[in-house]
Amino acid sequence: DQQVKQNSPSLSVQEGRISILNCDYTNSMFDYFLWYKKYPAEGPTFLISISSIKDKNEDGRFTVFLNKSAKHLSLHIVPSQPGDSAVYFCAASLLEDDMRFGAGTRLTVKP
Amino acid sequence: DAGVIQSPRHEVTEMGQEVTLRCKPISGHDYLFWYRQTMMRGLELLIYFNNNVPIDDSGMPEDRFSAKMPNASFSTLKIQPSEPRDSAVYFCASSPWSGNEQYFGPGTRLTVT
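Line by line, the protein sequences give chains A and B.
Counted the way my numbering counts, the first sequence spans residues 1 to 111.
Counted the way my numbering counts, the second sequence spans residues 1 to 113.
No lab work stands behind these hints: they were computed from the structure.
Treat the hints with caution; some may be incorrect.
Pairs of lysine-lysine, DSS-like flavour, derived with a Cα cap of 30 Å [what the hints assert, rightly or not]: (1) Lys71(A) to Lys24(B); (2) Lys56(A) to Lys37(A); (3) Lys68(A) to Lys78(B); (4) Lys37(A) to Lys24(B).
From the derived model, a few chain A residues whose C-beta atoms are all more than 12 Å from chain B [stated by the list, open to error]: (5) Ser28; (6) Ile48; (7) Ser49; (8) Pro82.
In this text the structure is predicted, and so the values were computed from the model without any measurement.
Built from N, CA and C at the ideal position, the CB exists for glycine as well.
My request is simple: use the sequences and hints to build the entire structure.
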C-alpha cells in the first residue's frame, strides 16, 4: 500500500534551470511533509519540510509547495546546480505516527 | 555527536545464514526506525521503536525478520535464515520525535548469495 508516490523515477535538467520534483499522497490525514536528498553510498539527509497548515516553505534555492486539496507536494530547486544531482525522496507523516516515503526521483543536473 | 552509526557497512553472506545488522541512534532521540531500500520499491519502513518499545512492525516482510532494541543506544535487525531477495541497503534512522525529520545512518549494504 503505497501512500506516498513519486511517479517520475528520473528527471534531467540543465544547470541554472528550475528542477521540479513531484509527489502525491493518498492519506488526507498526513500533516507533515518532508523532502530528503540522497547521494550514492550515503544515507538520506533532510532537506526541507512543510506543515499541513502551510502551502509553501522556502529555504534558499529550495521551495516546497503543498496542495492539500490535490494531495500533491512539489519541490522546486532554482537555480539547479550539478551538486544537486541525487535521489530525492518525498515523505509524509502523521503526528505520533511513522513516516512513509515515496520511491524516489533521481535528479541529474547537467552542466 | 557522531550521528547514527550502523555496522557493518557491507555484509556478504550465503543463503540460509543468519545476518545481524546493528544501529546506534543519536543520543537523546526517542524514536528509531529501520528501513530497507531497493531499486524497485525505494525506501520501505520495516519497524520503528519509541523509547525502546516496538510500535509498528507491519513493514517487516516475514517471520525471518526480527528487530530488538534492548536499550536506548542500540538496536539490531536480524534476518534468519537469509535469502537472496533480502539483498538491499538497510538504513537505520533516529528522531527526537515522530513526524520530525529523521537522521539516517550510512546504511548497511547486504548481499545474500
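We went through each hint and held it up to the structure:
1. For a cut-off of 30 Å, the pair hint linking lysine 71(A) to lysine 24(B) is broken: about 35 Å separates their Cα positions.
2. Our distance criterion of 30 Å between C-alpha atoms is met by lysine 56(A) and lysine 37(A), whose separation comes to about 19 Å.
3. Proximity of lysine 68(A) to lysine 78(B) is assessed by CA-CA distance (about 39 Å); at most 30 Å being required, the pair is judged violated.
4. Proposed proximity of lysine 37(A) and lysine 24(B) is supported: the alpha carbons are some 22 Å apart, at most 30 Å.
5. The claim that serine 28(A) is not at the interface with chain B holds, since no C-beta of that chain comes within 12 Å of its own (minimum 16 Å).
6. Look at isoleucine 48(A): its CB is around 9 Å from the nearest CB on chain B, not clear of 12 Å, so calling it non-interface is violated.
7. Annotated as non-interface, serine 49(A) brings its C-beta within 12 Å of a C-beta of chain B; the closest such distance is 6 Å.
8. The Cβ of proline 82(A) lies farther than 12 Å from every Cβ of chain B, with a closest approach of about 23 Å, so its non-interface assignment holds.
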